[in-house]
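The whole structure should be built from the sequences, with the hints applied where relevant.
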Amino acid sequence: MFSKEVSLYKVIAFGALIVLLVMPMFLQKAYYLRIFGIAGIYVMLAVSLNFISGLAGQFSLGHAAFYGIGAYTAALVSLNFSASFIISIVAGALVSMIAGVFVGLPAIRLRQVYLAVATLGLGEIVRIVLLNWTDVTRGPMGLPGIPNPLIFNWEVNSAVEYYYLVLIFAAVTIFVFHALSRGKLGLVLRAVRDNEQAVRTTGINTTLYKLLAFVIGGGFAGLAGGLFAFMSSYISPDNFMFNESIIILAMVVIGGLGSLPGSIVGALLLSLAPEFLRFLDDYRMITFGLMLLLMILFRPEGLLSEHWANSFFKKKLSLKPRGINYDIGNN
Amino acid sequence: MILETINLTKIFGGLTALDEVSLKVPNGAIYGLIGPNGAGKTTFFNLITGLLSKSRGEVLFQGKDISNLKPHQIAQNGISRTYQNLALFPTLTVEDHILIATIGQEASVKQLINLVTSKYPIEAEQYVNQVLDLLELEHKRHFLASNLSYGESRRLEVARALGTKPKLLILDEPAAGMNETETVKLKDYLKEIKRWGITVLLIEHDMKLVMDICEEIAVLNFGKQIAQGAPSYVQKHPQVVSAYLGGD
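Chains as they are written, first to last, in this note's numbering: chain A, 1 to 331; chain B, 1001 to 1248.
These are calculated hints, taken from the structure and not from any lab test. Wrong hints could be hidden among the right ones.
[Claimed, not checked] In silico lysine-lysine, DSS-like type, Cα no more than 25 Å apart, as pairs:
{"#": "1", "chain 1": "B", "residue 1": "K1054", "chain 2": "B", "residue 2": "K1064"}
{"#": "2", "chain 1": "B", "residue 1": "K1064", "chain 2": "A", "residue 2": "K314"}
{"#": "3", "chain 1": "B", "residue 1": "K1054", "chain 2": "A", "residue 2": "K314"}
{"#": "4", "chain 1": "A", "residue 1": "K4", "chain 2": "B", "residue 2": "K1119"}
[Stated by the list, open to error] To spell it out: a stretch of chain B is covered by chain A in this simulated footprint if at least three of its residues, at any positions, have a beta carbon under 8 Å from a beta carbon of chain A; those stretches are:
{"#": "5", "stretch": "1032 to 1038"}
{"#": "6", "stretch": "1076 to 1086"}
{"#": "7", "stretch": "1225 to 1233"}
{"#": "8", "stretch": "1237 to 1245"}
[As the list claims (entries may be wrong)] Here are the computed distance ranges between Cβ atoms for each label pair:
{"#": "9", "chain 1": "A", "residue 1": "E301", "chain 2": "B", "residue 2": "T1117", "range": "43 to 49 Å"}
{"#": "10", "chain 1": "A", "residue 1": "S233", "chain 2": "B", "residue 2": "N1068", "range": "52 to 58 Å"}
{"#": "11", "chain 1": "A", "residue 1": "F288", "chain 2": "B", "residue 2": "E1138", "range": "46 to 52 Å"}
{"#": "12", "chain 1": "A", "residue 1": "P144", "chain 2": "B", "residue 2": "N1068", "range": "43 to 49 Å"}
{"#": "13", "chain 1": "B", "residue 1": "G1014", "chain 2": "A", "residue 2": "F288", "range": "30 to 36 Å"}
{"#": "14", "chain 1": "B", "residue 1": "K1119", "chain 2": "A", "residue 2": "F288", "range": "53 to 59 Å"}
{"#": "15", "chain 1": "A", "residue 1": "P144", "chain 2": "B", "residue 2": "V1116", "range": "25 to 31 Å"}
{"#": "16", "chain 1": "A", "residue 1": "S318", "chain 2": "B", "residue 2": "G1038", "range": "30 to 36 Å"}
Beta carbons are placed, not taken as given, at the ideal position from N, Cα and C, and that holds for glycine.
Shown next, in the form of structure tokens:
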């Protein structure tokens, strides 16, 4: 009667969701919940950068720019127009998408390190603008007093509520990028990464696709930024500096370029590990750095490489009475 | 004429890579382009497929000038090509290569709407089967391109090019590195492709293959077109003989 087959990854994703849903019952301290909230935002950032750099192969050192634009737009819309949480956060995502067009434009002509340097420059431009456009952004003083989100009748207030809010957004982001990367868009982007010229001569306008990767990836990074602004209620240009871009890129690379599960694990690992290594005191960051070094040395393709992810998505779990049976498909 | 070039010229800095080349490729033919290394054959292909922009001249495809179009527009018009040095997608499967080619044939707007789905029209899937069958890649359907043998990779290049349902198929040294048996098979594939109503234009160094299969041949040397005609005519052309064997 149980001869139905289910994808293994769906079972695991469902299990992980259940664990994350009940976790606040055991993690009583607001401190831990807040760390997980931040980790959730990094998951959104890593997954969206993976789309641009891992899938489409467009190296970007400016992901924090989208993050910052989204955060500032959402905060300013909320503070100046008393707009609701949803409207502010959507505005942040939309402006980041527009920024994606401007970052995507050099990507049409530039490749690899040259593109990386160009995106680095654009990231710096955003930071400098945030710092010096004092009439609007208040410069280094930042934007304080961003109100708690009010979603219909739910006022997100406590650490637990923020935890669940981030969980919802991160889950939706993962779902969207999973659908996009498994569909035709993902296929074309991976082909562009492998050999752009050959894609062009099969009749596909690669310019459009690369731009699309930046717009979608940038849009979700902006969404993460808006969420961060509301969660911390205060933002300043310090939150969106170059080192943020590097950390996000490190999450994607450590997890495995082009691998969605990899980006999730990479983001969780890099944002949670420094917190859980606190017992090491002075040796904390040295241990952390050593961990990264060893990981990239022994698994340069990432913890959960794209190749691993592709076969993982094909694994089936058959619910037969005699037990569990893994079938790896024919690849 | 499916393809016609008129005084097509390409100058790189001070070097004239292609000098006033005027070719006429008849509809439905298997047409060969030969010449010693550095004669400008690949440059000629790159000009036709839009990867390089011309210095002078015209490229008429079915009577329409395509020399100012972008590579993807030229492909959508019905010209597709393979590469001399394999240009596959190592991280994608064999099947994916051909599916990508079918995506390019949808109109831009439709392409964007269909992006989120992973479903392909039934005709596209049937066509993929047909192409895989022809090139004997059916059993490798779910293999990554990086795991294919050299001969299989070469065939996949042709399969991907066929995926766009071209009217003109351009092959850059399809037999390079193939053994005798594979070359014989290649001949069969090409004849079958011709039967599908596709015109084939190929660069090849394997003279036996070219003379066997091509109805018409053009010869380039130092960017200049030195002869054009039936294989028997070209073989005896004095300039062709001296280009290949030396002498003056």
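Comparing the hints with the structure gives:
no., hint, in the structure
1, B:K1054 with B:K1064, "16 Å, holds"
2, B:K1064 with A:K314, "47 Å, violated"
3, B:K1054 with A:K314, "47 Å, violated"
4, A:K4 with B:K1119, "23 Å, holds"
5, 1032 to 1038, "violated (count 0)"
6, 1076 to 1086, "holds (count 4)"
7, 1225 to 1233, "violated (count 0)"
8, 1237 to 1245, "violated (count 0)"
9, A:E301 with B:T1117: 43 to 49 Å, "29 Å, violated"
10, A:S233 with B:N1068: 52 to 58 Å, "56 Å, holds"
11, A:F288 with B:E1138: 46 to 52 Å, "50 Å, holds"
12, A:P144 with B:N1068: 43 to 49 Å, "56 Å, violated"
13, B:G1014 with A:F288: 30 to 36 Å, "57 Å, violated"
14, B:K1119 with A:F288: 53 to 59 Å, "44 Å, violated"
15, A:P144 with B:V1116: 25 to 31 Å, "40 Å, violated"
16, A:S318 with B:G1038: 30 to 36 Å, "60 Å, violated"
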